[in-house]
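For the protein sequence lines, the chains are G and A, in the order given.
According to this note's numbering, the residues represented by the first sequence are 1 to 311, in order.
According to this note's numbering, the residues represented by the second sequence are 1 to 282, in order.
It is worth saying that the hints were derived from the structure and are not from the lab.
For glycine and all other residues, C-beta sits at the position ideal for the given N, C-alpha and C.
Be a bit skeptical, because a hint or two may be false.
[What the hints assert, rightly or not] Covered stretches of chain A (in silico footprint by chain G; criterion: 3 or more residues with CB under 8 Å from a CB of chain G, positions within the stretch not fixed):
hint, segment
1, 6-13
2, 17-28
3, 108-121
[Said to hold, decoys possible] Label pairs and their calculated CB-CB ranges:
hint, chain 1, residue 1, chain 2, residue 2, range
4, A, 166, G, 201, 30 to 36 Å
5, A, 160, G, 204, 42 to 48 Å
6, G, 50, A, 46, 52 to 58 Å
7, G, 107, A, 17, 18 to 24 Å
8, G, 108, A, 59, 43 to 49 Å
9, G, 15, A, 20, 57 to 63 Å
10, G, 47, A, 242, 33 to 39 Å
11, A, 17, G, 199, 20 to 26 Å
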Amino acid sequence: MQSGEMSLSRRLRSGDPIAHTLTGMAASTILAITALLAYHLWVGSAEARETFGWGFITASTWDPVKEVFGALPFIYGTLATSFLALFIAVPVGLGAAIFLAELAPRGASDALTFMIELLAAVPSVVYGLLGLFLMVPFLQSTVVPALVAVLGFLPLFQGRFNGVSVFSAGIVLALMIVPFIVSVSREVLLAVPQDQREAALALGATRWETTWKVVVPYAMRGIFGSVFLALARALGETMAVTMVIGNKPQISSSILEPGYSIAAVIANEFAEAGGMHQQAIIELGLVLFVLTVLINGVARLFILSMKGGAK
Amino acid sequence: MNLSFRRKAVNAVMLTLTGVCTVLVAGSLLVILGYLAWNGLASLNVEFFTKLPTPPGEMGGGMANAILGSAKVLLVAMLIGVPIGFMAAVYLAEFGSGSFSGVVRYATDLLNGVPSIVIGIFAYAIIVLPMRHPSTFAGGVALGIMMIPIALRTTEEFLRAVPVSLREGAMALGASRSRTIFTVVIPAAKSGILSGLMLNLARVAGETAPLLFTTLGNPFWSVGWMQPTATLPQMIFTYAISPYDDWRRQAWAAGFVLLVLVLTVNAAARFTIGRTSARGRS
Chain G
1 MQSGEMSLSR RLRSGDPIAH TLTGMAASTI LAITALLAYH LWVGSAEARE
51 TFGWGFITAS TWDPVKEVFG ALPFIYGTLA TSFLALFIAV PVGLGAAIFL
101 AELAPRGASD ALTFMIELLA AVPSVVYGLL GLFLMVPFLQ STVVPALVAV
151 LGFLPLFQGR FNGVSVFSAG IVLALMIVPF IVSVSREVLL AVPQDQREAA
201 LALGATRWET TWKVVVPYAM RGIFGSVFLA LARALGETMA VTMVIGNKPQ
251 ISSSILEPGY SIAAVIANEF AEAGGMHQQA IIELGLVLFV LTVLINGVAR
301 LFILSMKGGA K
Chain A
1 MNLSFRRKAV NAVMLTLTGV CTVLVAGSLL VILGYLAWNG LASLNVEFFT
51 KLPTPPGEMG GGMANAILGS AKVLLVAMLI GVPIGFMAAV YLAEFGSGSF
101 SGVVRYATDL LNGVPSIVIG IFAYAIIVLP MRHPSTFAGG VALGIMMIPI
151 ALRTTEEFLR AVPVSLREGA MALGASRSRT IFTVVIPAAK SGILSGLMLN
201 LARVAGETAP LLFTTLGNPF WSVGWMQPTA TLPQMIFTYA ISPYDDWRRQ
251 AWAAGFVLLV LVLTVNAAAR FTIGRTSARG RS
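When you get a sec, could you build the whole thing from the sequences and use the hints?
Written out as structure tokens, the structure reads:
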């Protein structure tokens with residue numbers, strides 16, 4: 001009896017240790033890749049970090065010939081374009097999410113969401129192509145003259161507009177991140193319990209007051225999560241930005257001037273770089289890596305706290 | 001009845017504005033598709049699919065080598081990314097518990113958030129530097145690493161969606177745990193996992209940034225797996241920013257072909273996933 005049981009249990013576990021080990025090894029590979037990635041960025045930029053120290057991120061001269069490297073213009077370009085994109089994409093995305101979650105009939109909402117999620121699948125280089133040949137001429141002929149006429153007194157909108165600029169990059173980025181904001185925000189809005197809405201309506205609130213003062217605050221943490229996810233995307237976005245930002249390492253108070261982003265300078269210069277230049281670019285990669293890890297971490301915290309709160 | 005006019009007006013205006021936002025966002029897809037189709041179709045011809053690129057300034061030519069190059073890079077990427085992601089997902093869904101799984105999940109999320117250009121630097125450091133030149137293989141490694149987190153996520157999700165009763169049934173019949181997983185659970189989740197793979201491929205197919213210095217580009221046919229190669233997204237970039245009209249024309253054609261491929265695969269996969277999960281719910 002005893003031995004029979006043993007063989008049965010052995011039969012029931014046949015192959016299990018092998019499957020366990022093999023799949024466990026695959027899981028460990030992911031750990032190894034992630035660790036190796038961080039290691040290579042750290043080691044690959046060792047000399048640059050030693051030579052420039054923290055001055056790397058506060059200096060604004062980038063001169064590969066004299067081997068002087070300061071990343072401030074790129075950090076500025078990355079942050080300026082990303083926040084400009086958020087400034088446009090958050091209100092529009094949240095508005096669309098509210099419409100899709102609260103007003104549109106379910107079928108129409110699903111169909112429209114499907115379309116908006118397809119927008120997220122459009123490759124970055126295609127956004128760049130359209131940005132360069134469709135959007136930039138349109139901005140130049142119509143949008144910017146109107147903006148300058150109304151807001152031209154602000155330092156933000158001064159200077160000469162040549163088409164490629166921080167402004168153009170921000171708008172393309174806004175279009176690229178808006179699908180994330182819509183799709184995640186819609187999900188969290190749909191997850192708000194129905195009785196919250198009914199209670200507000202029963203108290204005499206209008207549809208908008210119910211949405212804005214009850215439903216949106218309830219879903220706020222999830223919405224913040226979606227905004228941070230979108231921000232992380234925008235920071236690392238390369239091709240579309242490279243094609244419309246103008247690729248000029250300068251910090252200007254006007255968003256109509258060209259700029260340069262971290263990802264764009266990596267894309268443009270890494271292939272031909274050697275020695276200290278290459279080290280400096282890898283350090284830029286490290287800066288970008290740390291930035292996105294931090295922002296993604298914040299997004300995760302918001303979304304996790306949302307799940308915890310729902311329980 | 002006492003609802004003031006102002007509150008009613010705010011209600012109407014704000015609700016209309018949300019509708020306008022939706023039209024703005026959804027409408028941009030139509031503008032993108034329309035404009036790209038308009039320019040792309042006008043520039044597309046048979047030569048695009050059959051000829052090699054011509055030197056700058058010369059008319060004609062196509063991107064046959066880039067189309068094949070993209071296919072080869074994607075094949076390598078799939079062979080690297082999918083097995084690792086898939087096996088790790090089986091581990092997390094079926095064997096994993098405790099802190100090791102938590103760490104793996106965290107690393108996966110982290111990897112998923114790494115900008116593609118940084119993945120490109122990494123692939124350059126581990127493949128291109130030791131081999132001394134860019135190659136199809138290096139590009140495949142870069143895209144393969146990008147595929148891992150999504151492969152893991154979708155596979156795990158669909159494995160977890162398989163009802164426990166199926167597993168219990170198999171184990172009650174005397175099958176071992178691993179046998180249950182590989183002959184019952186995975187086949188049950190098959191269509192979802194395959195759709196996830198299609199979505200994943202569609203996503204990396206348009207990636208350009210990590211290929212810039214891993215495959216580099218090549219105006220000729222790329223022989224084997226260890227030579228620099230042209231790829232469709234990289235050609236779009238190079239041709240779009242070039243000063244030659246005929247190259248820009250071809251960039252439109254390439255953009256159109258790439259977008260149609262990516263959106264078709266994406267829509268088909270989403271449609272399948274929608275149907276499977278709808279069937280699962282009923």
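Hints versus structure:
1. 6-13: holds (count 4)
2. 17-28: holds (count 10)
3. 108-121: Satisfied; 13 residues make the cut.
4. A/166 / G/201: 30 to 36 Å: Hint violated: Cβ distance 43 Å, outside 30 to 36 Å.
5. A/160 / G/204: 42 to 48 Å: holds (44 Å)
6. G/50 / A/46: 52 to 58 Å: Given a distance of about 56 Å, which is inside 52 to 58 Å, the answer is holds.
7. G/107 / A/17: 18 to 24 Å: The hint (18 to 24 Å, Cβ to Cβ) holds, given that residue 107 of chain G and residue 17 of chain A are roughly 23 Å apart.
8. G/108 / A/59: 43 to 49 Å: holds (47 Å)
9. G/15 / A/20: 57 to 63 Å: Since residue 15 of chain G and residue 20 of chain A have Cβ atoms about 59 Å apart, the given range 57 to 63 Å holds.
10. G/47 / A/242: 33 to 39 Å: holds (35 Å)
11. A/17 / G/199: 20 to 26 Å: At roughly 25 Å between Cβ atoms, residue 199 of chain G and residue 17 of chain A fall inside 20 to 26 Å, so the hint holds.
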